[in-house]
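Below, each chain spelled out in residue letters.
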Amino acid sequence: MGTTLAEKVWADHLVRQGQDGAPDLIYIDLQLMHEVTSPQAFEGLRAAHRQLRRPELTIATEDHNTPTVNIDMPIADKTSALQISTLESNCKEFGVRLHALGDADQGIVHQVGPQLGLTQPGMTVVCGDSHTSTHGAFGALAFGIGTSEVEHVMATQTLSLKPFKTMAINVEGDLPAGVTAKDIVLAIIAKIGTGGGQGHVIEYRGKAIHQLSMEARMTICNMSIEAGARAGMISPDQITYDYLKGRPHAPEGEMWDRAVEYWKTLQTDDDAVFDKEVTLNAEELAPFVTWGTNPGQGLPINAQVPVPERITDESKRRAAASAIAYMGLQPGMSIKDIPVDTVFIGSCTNGRIEDLRAAASVMKGRHKAKSIHRVLVVPASSRVRLQAESEGLDKVFEAFGAEWRNAGCSMCLGMNPDKMVPGERAISTSNRNFEGRQGKGSRTHLASPLVAAATAVRGTISSPTDL
Amino acid sequence: MCEFAATAAQSVSQCGQRCGEGSVTGMEKLNVITGVGVPLRRSNVDTDQIIPAVFLKRVSKSGFEDALFYAWRRDPAFALNQKEYASGQILVTGSDFGIGSSREHAVWALHDYGFRVVIAPRFADIFYGNAAKNGVLAAIMPQESIELLWKLLEEEPGRSITVDLQERTATCGDVTLPFDVDDYTRWRLMNGFDDIDLTLQHEEDITAFEKRRAERFPFKPKTIPARHLPSEPITSAREEQDNWPGPLSARA
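Residue numbers (my numbering), protein chains in the order written: chain A, 1 to 467; chain B, 1 to 252.
Treat the hints loosely; a few may be bogus.
In silico negatives: residues of chain B with every beta carbon more than 10 Å from chain A [to be verified]: (1) D96; (2) S102; (3) N130; (4) E154; (5) E156; (6) I196; (7) R227; (8) S249.
Derived pair list, reagent style DSS-like, types lysine-lysine, alpha-carbon separation capped at 25 Å [said to hold, decoys possible]: (9) A/K78 <-> A/K191; (10) A/K245 <-> A/K276; (11) A/K162 <-> A/K276; (12) B/K83 <-> B/K151; (13) A/K264 <-> B/K61; (14) A/K336 <-> A/K316; (15) A/K207 <-> A/K276; (16) A/K191 <-> A/K207; (17) A/K336 <-> A/K165; (18) A/K92 <-> B/K151; (19) A/K245 <-> B/K222; (20) B/K211 <-> B/K222; (21) A/K162 <-> B/K151; (22) A/K419 <-> A/K370; (23) A/K245 <-> A/K191; (24) B/K83 <-> A/K92; (25) A/K162 <-> A/K207; (26) B/K57 <-> A/K264; (27) B/K222 <-> A/K92; (28) B/K151 <-> A/K264; (29) A/K395 <-> A/K364; (30) A/K395 <-> A/K440; (31) A/K316 <-> B/K222; (32) A/K78 <-> A/K370; (33) B/K61 <-> A/K440; (34) A/K78 <-> B/K57; (35) B/K151 <-> A/K440; (36) B/K220 <-> A/K419; (37) B/K151 <-> A/K78; (38) A/K78 <-> A/K92; (39) B/K83 <-> A/K162; (40) B/K151 <-> A/K245.
No wet-lab data here; the hints were simulated from the structure.
Ideal placement from N, C-alpha and C gives every residue a C-beta, glycine not left out.
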């Protein structure tokens, strides 16, 4: 019997096979770091008098706490400033390369790896951050870990893990115009639930997936964790190689040829069997928006907010009622009748150049609605910011009345000053609509950059076809 | 003897030589625990609810007890605000507990508050792994058992549950319910073993793998030295001021 892509990558990293229920020992090719989940791991290493085993397989950047304005001034929040200065001193002490605030390669860790060409097919990539699944878009096995595991990788360059189960999600057919990667992944999570992928590595397959650009693939793999999966992967193809070619850390010359030869073997065999399989028809998909307080509570944009009394499953009914109350919605109201205060375009899900181009294509020649408080446009990295400026997108955003910011995680989780006040409602291109995620009492609707931009034009949840 | 039991024996003897008396690390052992059970009738409890991001700015690993369920604890009706449940050690909750962010702070907050066991029908993978690394048991029980425990704990708030890791059972009054935990996690929790110590016993395997890796995959990237990175100046954005009258919801 053949093996799946995930199983092939696992096998190529097997340091030691566990027996009688003990986990395998898996080698890690790249550990990414940021300031939030690393300080306690460095402290543990120091306390045990251990070294960082492979600094050359480690890279750090600052993203969660970094302000998106006034980056040329000291960080006002003392605890944020301490966390960032702690990362800087730890990197210095242990010899880790760091892209600090102000560096052209600073940005959200899940953009920094790919843009430098450090994320490549067939690698194992980890980070103390659940959205590490993003890197699976390259055919890497990439997953988020806790701080204890960060320390474990620092000390041993390995992880002790039980093999993951495998799951295929086939997205067949052609994607309709105006429907994006974000809509595909929100539809998948709504279908299988926030725990649907638990214990599994998802491989996204099918025509609609392989037609997508690398950035769109990253959007899909990024939100695998919102379906509860350990990781999401897409087998590498010509689109992957074209993205990588010429990037700073991509192989060159003869090494490039050897790499591509290996990458081409990273395909699920025809006779491989997945533990679970789900199929969606891309042609039936529409722009998707969440109405509730977890990413599985989403619907097509033309739908109505659910009526809890009509939900038969007790636990789902309770969850829906509680979400509708928190979100301040009326059961049965049209999603398109929901007015928002704030529009957030950014994050490791949708803060890349193609996302900014999509938003700008809707905003061009228009102005934000009077009722909209603010439109924040936050590039995923400083490099993305430079690219957008070279294309004149910053001018489009400014003319629209949006704020063009510096790079970072920003309002996705509000660890920096970009957060909402209680009762404030956003349409957000980020990945989580949990209670209070974007600031205490904040209300979040997740959507694509196209829907977010169209909503900014009309003031109520809209898609570009409504304009 | 199974492989990891043999590893354990070796681990203890090695540690004996290296650090004298005592176990491999300071992770607390968990065997049998009796403590107040707290019913949390919710599914999909994400780690942003367990501890909001604002508390992740610290660089220490302790003192997170006040941050636990920070938003919900502002509500006087929340379980932990009832005096009977306030000293809870065993949390009984709905499915998909610990979804979302990988923040280990969620486990630190539960642990610092006093919780040593969380019982749910299903856990998010990262949370499950993080719990075991901090001496916290994530015990898996079917929804029907959870419903029964909720009923018992709500009928008589402050009731204790006894969790026996050896037997894989939770007992509340005269009701004893089985739970699932994988053998390896159970063994590590019962012995308080640390993963890094266990892994470092396989140092030779790691070194041998690194040799094979260098031969087979010479094209894999290294972060150091950095390669041809242009340094470009990044302009600083400035905040725009406006006179916002507050959220639409507050004005309606």
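Each hint, compared with the structure:
| no. | hint | verdict |
| --- | --- | --- |
| 1 | D96 | violated, 4 Å |
| 2 | S102 | violated, 4 Å |
| 3 | N130 | violated, 4 Å |
| 4 | E154 | holds, 15 Å |
| 5 | E156 | holds, 23 Å |
| 6 | I196 | violated, 5 Å |
| 7 | R227 | violated, 5 Å |
| 8 | S249 | violated, 4 Å |
| 9 | A/K78 <-> A/K191 | violated, 43 Å |
| 10 | A/K245 <-> A/K276 | violated, 34 Å |
| 11 | A/K162 <-> A/K276 | holds, 18 Å |
| 12 | B/K83 <-> B/K151 | holds, 18 Å |
| 13 | A/K264 <-> B/K61 | violated, 44 Å |
| 14 | A/K336 <-> A/K316 | holds, 23 Å |
| 15 | A/K207 <-> A/K276 | holds, 19 Å |
| 16 | A/K191 <-> A/K207 | holds, 19 Å |
| 17 | A/K336 <-> A/K165 | violated, 39 Å |
| 18 | A/K92 <-> B/K151 | violated, 54 Å |
| 19 | A/K245 <-> B/K222 | holds, 16 Å |
| 20 | B/K211 <-> B/K222 | holds, 15 Å |
| 21 | A/K162 <-> B/K151 | violated, 35 Å |
| 22 | A/K419 <-> A/K370 | holds, 21 Å |
| 23 | A/K245 <-> A/K191 | violated, 36 Å |
| 24 | B/K83 <-> A/K92 | violated, 48 Å |
| 25 | A/K162 <-> A/K207 | violated, 31 Å |
| 26 | B/K57 <-> A/K264 | violated, 42 Å |
| 27 | B/K222 <-> A/K92 | holds, 18 Å |
| 28 | B/K151 <-> A/K264 | violated, 56 Å |
| 29 | A/K395 <-> A/K364 | holds, 9 Å |
| 30 | A/K395 <-> A/K440 | violated, 32 Å |
| 31 | A/K316 <-> B/K222 | violated, 47 Å |
| 32 | A/K78 <-> A/K370 | violated, 35 Å |
| 33 | B/K61 <-> A/K440 | holds, 23 Å |
| 34 | A/K78 <-> B/K57 | holds, 10 Å |
| 35 | B/K151 <-> A/K440 | violated, 31 Å |
| 36 | B/K220 <-> A/K419 | violated, 39 Å |
| 37 | B/K151 <-> A/K78 | violated, 46 Å |
| 38 | A/K78 <-> A/K92 | holds, 21 Å |
| 39 | B/K83 <-> A/K162 | violated, 41 Å |
| 40 | B/K151 <-> A/K245 | violated, 60 Å |
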